[in-house]
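S.K.: Each chain, letter by letter, is given below.
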Amino acid sequence: MFLLIMIIKFFLDKIICMVYYCHSVLVNHHTNTICLKGSDFLAWQFTSDRPIYIQVSDQIVSDILKGAYKMGEKLPSVREFAVIAAVNPNTVQKALSELESVGLIETQRNTGKFVTQERSVIEMARKKRGELLAVEFLKSMAALGYTCEQTISLLEATKIEEGKSDERSNA
Amino acid sequence: MSEATLECKGLSKHFGTNAALHDLNISLPTGKIIGLLGPNGSGKTTLIKLACGLLTPTEGEIKVCGFKPGIESKALVSYLPERTYLPEWMTVLECVRYFQDFYADFDYERAVSMLQSLQVPANARMKTLSKGTKEKVQLVLVMSRRARLYLLDEPIGGVDPAARDYILGTIIGNYCEDSTVLISTHLIADVEKILDEFIFIKNGQLVSYASTDSLREDLGKSIDEYFREVFRC
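Chains as they are written, first to last, in the numbering used here: chain L, 1 to 171; chain S, 1001 to 1233.
To be clear, the hints were calculated from the coordinates, so they are not data collected in a lab.
These numbers were taken from a predicted model, which means no experiment stands behind them.
Please note that a few of the clues may not be correct.
Quick list of in silico lysine-lysine cross-link-like pairs, PhoX-like style, CA-CA up to 25 angstroms [said to hold, decoys possible]:
id, chain 1, residue 1, chain 2, residue 2
1, L, K74, L, K94
2, L, K128, L, K74
3, S, K1032, L, K113
4, L, K139, L, K128
5, S, K1221, L, K139
6, S, K1221, L, K94
7, L, K127, L, K113
8, S, K1074, S, K1063
9, S, K1032, L, K94
10, L, K9, S, K1127
Construct all of the structure, not just a fragment, from the sequences and the given hints.
M.R.: Laid out in structure tokens, this is it:
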């Protein structure tokens, strides 16, 4: 008799366990837990020679310049960014305050961080990024033995060829 | 007074004539993810075991949030040992409930949702699970507590790269500003981007304790490169 009760109790326990499990699964489906998608991890790659927070802020700037985050749009929270980029939240915090100091993003009290509404600030960031890239490009061309003029004519030739190929694809 | 989450003063641990840790002084702040790195046999596990009271120091002292290892400190520390200790006959869900009974700061919902995302069969018995899956279960249980100090001894050693990313994501997504995470591992490149600071120990002694960013700013090196340089064989 005792044994029977024990067995019944055991199965009851199991059932309760299952119900609880299903319940919490359903609950969890609704609550907004931070969830991870595999692709998010691969998107952010970091090089080993520069601080990660700088690379994170560069990536966010790129996203703003690309228009992935539009002017005046709300940005993900620090924690969301941390999960997206798979980096430490403190690193994200540092990256965001960096961007805040140059005015690219603004904090609105209690609501979060937003991309600036000032077009000029974004254009300035674009110009700065472009200049940096240009200098870097010229340096690598110089390392190949190109003079500045040769590089420029090469660029023009490349552009023309591109135009041609465009025509071809249009035809 | 800002209290260190983990503080070691002149900490030494000898096993016979062999010094696993020798005169270690370190103070870990709150709210950071810290890597405990060093070659094999450098004393990483010994330090972690001392912090959770599994070993007693030969000399010196160690304190967790101001408490010596004991009842108070154990309520604040969530420890992931290098091997699992869960009974083989229990099912995964029974283990979850076991932890729920044991720890006041255990979050059942969180544990279940993590097990789901990692696709761990909830009703399978522990003995039927693979080594990696067992490790996942163990880690989920440990990370489901709202502890002040998480001591993770090789948390990602035995799991596949995809689960590794998920686990690191779990650590980032779940840790809060008033807790500290200490991760011991050899897989530096994998954990590097989530670390605030890192500790290098060798032969039981502190080699360096610095922030990840300052290393990159000052030397232009990742922790992985720096590790290979410092501990070149």
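S.K.: State for each hint whether it applies.
M.R.: Hints, one by one, checked against the model:
1. K74/L / K94/L: holds, 18 angstroms
2. K128/L / K74/L: holds, 23 angstroms
3. K1032/S / K113/L: holds, 23 angstroms
4. K139/L / K128/L: holds, 17 angstroms
5. K1221/S / K139/L: holds, 22 angstroms
6. K1221/S / K94/L: holds, 19 angstroms
7. K127/L / K113/L: holds, 23 angstroms
8. K1074/S / K1063/S: holds, 11 angstroms
9. K1032/S / K94/L: Between K1032/S and K94/L the Cα gap is close to 13 angstroms, so the pair holds against 25 angstroms.
10. K9/L / K1127/S: holds, 23 angstroms
Going through the hint list in order, the structure satisfies each hint without exception.
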